[in-house]
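Undergrad: In mature numbering (1 follows the signal peptide of the UniProt record, and there is no 0), the protein residues as written are -19 to -1, 1 to 206.
One should not assume that every hint holds.
Capping the alpha-carbon separation at 30 angstroms, the derived lysine-lysine pairs in DSS-like fashion look like this [unchecked claim]:
no., residue 1, residue 2
1, Lys180, Lys109
2, Lys162, Lys180
3, Lys60, Lys106
Derived from the structure by calculation, the hints contain no laboratory data.
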Amino acid sequence: MFPLKWAFMTIQIVSIVLSQSFGFRNKQGAIISRDSTNILCHMDIEQQFNPILDEILIERVVGTDNHEFIKMYISEEMKNYGWTIELDEFKASTPKGIYNMTNVVATLNPLADRYIVVACHYDSKLMKFIFVGATDSAVPCAMMMYMARSLNQQLEAFKNSPLSLMMVFFDGEEAFVKWNKTDSLYGSRHLASKMENTKFFHRGRQLNQLYRIVSYLLSSPILYH
């Protein structure tokens, strides 16, 4: 699927949920205005999407300089787009030893009560040959960043709303030896556990951070065929 179509589909879903919750409709009752739709349909792929993808389309194996570069690239670019960045750093025990890993968590409104989450992973799989993991998952990372950059004005209203957006770039998704429940999904398992064990008060009730996730959209290579 064309990257722009994925971005349009995602922002439509996000806008529908937010508008139903907080009445963010225009006078004609549309979820997204005609002007916004025109912007979505006339984005310059060559000038905006491809340069982002070119930066990410390299080997990104955990523990390498390339992996560290991509982590910082995503963090700095998302910060430049106006998102608040949290680096969720942790140590992971793998069949190849202990590795430092970092989930990059970007939020439009860090003080929001609830979030719609869009996620992918930025590491690439350790192979015996050069493997850049284009659809798994350089392209999803680039599309998420492309959406954040290109739709910055359209997302402005969500920077102060109680229901906002979160983009998570997971680390350590790939297995080091053989995919199983312990050798895979290091970043998502860590963040899920952290959120489950981090409490916050909402309307007089003590809840965990997972409660704040209203909807979870995971980028998948199946979208690009």
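Undergrad: It remains to establish, for every hint, whether it holds in the given structure.
TA: Going down the list of hints, with the structure as the test:
| no. | hint | result |
| --- | --- | --- |
| 1 | Lys180 with Lys109 | violated, 43 angstroms |
| 2 | Lys162 with Lys180 | holds, 26 angstroms |
| 3 | Lys60 with Lys106 | holds, 27 angstroms |
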